[in-house]
Amino acid sequence: MNQGLEHEELQDMLPAAALEILEEAELQRVLAHARACAECARLLEEYGQVTAGLSLQLPQAGQLDSGRSAVLRARLLAKARGDRRGVLPGPHQATTLIYRWSGWMVAAGLTSVLLVHHSIHRPLDYGWLATGALLAILIAVGIYAHVQRARAAALRDRVAALERRTPNS
Amino acid sequence: MADGDESALAALYDGWAERIHTLAFWILKDPDEAEDVVEETFWQAWRMASRYDSQRGAGSTWLIMIARSRALDRLRARRRWEDWSATTGNAGMLLEKTAVSAEIPDAHSERMERQAALAGALDGLPPEQRQVVELAFFDGLSHSEIADQIAQPLGTVKTRIRLAMQKLRQRLGFLREESP
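Same order as they appear, the protein sequences are chains A and B. For the first sequence, position 47 matches number 47 in this note's numbering, and the numbering has no gaps at all. For the second sequence, position 131 matches number 131 in this note's numbering, and the numbering has no gaps at all.
These are calculated hints, taken from the structure and not from any lab test. Even glycine gets a Cβ: it sits at the ideal position worked out from N, Cα and C. Take these hints with a grain of salt, some might be off.
Ranges of calculated distance between the beta carbons of each label pair, as one might list FRET restraints [stated by the list, open to error]:
#1 B/Arg171 to A/Trp101: 41 to 47 Å
#2 A/Trp101 to B/Ala86: 30 to 36 Å
#3 B/Ser69 to A/Glu9: 40 to 46 Å
#4 A/Arg42 to B/Asp32: 37 to 43 Å
#5 A/Gly82 to B/Arg171: 43 to 49 Å
#6 A/Ala153 to B/Gly120: 32 to 38 Å
#7 B/Ser7 to A/Gln148: 37 to 43 Å
#8 A/Glu24 to B/Asp83: 42 to 48 Å
#9 B/Ser69 to A/Gly82: 21 to 27 Å
Just so you have them, the derived chain A footprint on chain B, three or more residues with Cβ under 8 Å [said to hold, decoys possible]:
#10 14-22
#11 151-157
Okay, chain A solo, but in the shape it has when bound:
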């Protein structure tokens, strides 16, 4: 695409980027362009200020309980203290990391096994076909893992919300 046209197209998407309503692929395109284009970077910042300005216009609602706020504040500061001391990631964080990459690890393992198998048994025949199929499998497993992660995150949020609402839990 012509660079000038692409610049105009992406500039038109800046307001939506600031409102965070773009699809992920569109957003990444806009952000990549803004990193390289000073004018768009400035405009994106200004649209961000508009969005923040709208947020600041909202009248107070659902007041933050002072007692709970104090507990929350103390918890945050305690976490910050631990973080500043360079506390190593706990088992939960390590598990989360493994969990995050598990889909791709499985896909990579599967691909490796199939590649080795094909290189031994069919070194020349169907080479491109096998590569294409393996690539498709890799992408499909990656997408599947992404969807499952999103679903699990939604479930965790709901469980956490239910636990909070359940007395004596």
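Here the structure of chain A is known, so what remains is to put chain B in place on it, guided by the hints.
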């Protein structure tokens, strides 16, 4: 805060927690979830403080954008959950969905509330532009989701949002944030 100064985090919390909670509550309509957003926002600000570039904008804008992003993530996760519950047809989950829906005011009164909330900020925009900004701002709906909701072509929705935000940017003086 980038130097690991906890008192800076405490000061930031004292100054902004209430506003962040208000923003999250308007988006999520759930005080418990709004509290979670407050915690996530300040924790993310603490962890990412070294990446904040003051040349690129006010700290308050940065903080609010984090908060809005966290609140919208939760709202979208909730929508995915509700969609999933509806498609699986699990009775227990549907009951939960009903319970969640019961906490939310009916659509008409909620719409009126939202219009009133942003009345001053969106004053002067044509009604059709106000409508798409409200849907994008409060619900984080994508262009195509807004187009479906208001039964308008996708291109029309994109144009309305762009024009509305351009007008609001031009009136930035009116919208400029105030420190608490």
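Tested hints:
1. B/Arg171 to A/Trp101: 41 to 47 Å: The hinted range 41 to 47 Å holds for arginine 171 of chain B and tryptophan 101 of chain A, with Cβ atoms some 46 Å apart.
2. A/Trp101 to B/Ala86: 30 to 36 Å: Given range 30 to 36 Å: holds, Cβ gap about 31 Å.
3. B/Ser69 to A/Glu9: 40 to 46 Å: violated (24 Å)
4. A/Arg42 to B/Asp32: 37 to 43 Å: Once the Cβ atoms are compared, 38 Å apart, the range 37 to 43 Å for aspartate 32 of chain B and arginine 42 of chain A holds.
5. A/Gly82 to B/Arg171: 43 to 49 Å: holds (44 Å)
6. A/Ala153 to B/Gly120: 32 to 38 Å: Holds: the Cβ-Cβ distance is about 36 Å, inside 32 to 38 Å.
7. B/Ser7 to A/Gln148: 37 to 43 Å: holds (42 Å)
8. A/Glu24 to B/Asp83: 42 to 48 Å: violated (18 Å)
9. B/Ser69 to A/Gly82: 21 to 27 Å: holds (24 Å)
10. 14-22: Coverage by chain A holds for the region 14-22 of chain B (6 residues, Cβ < 8 Å).
11. 151-157: violated (count 0)
Violated hints for the displayed structure, listed by number in ascending order: 3, 8, 11.
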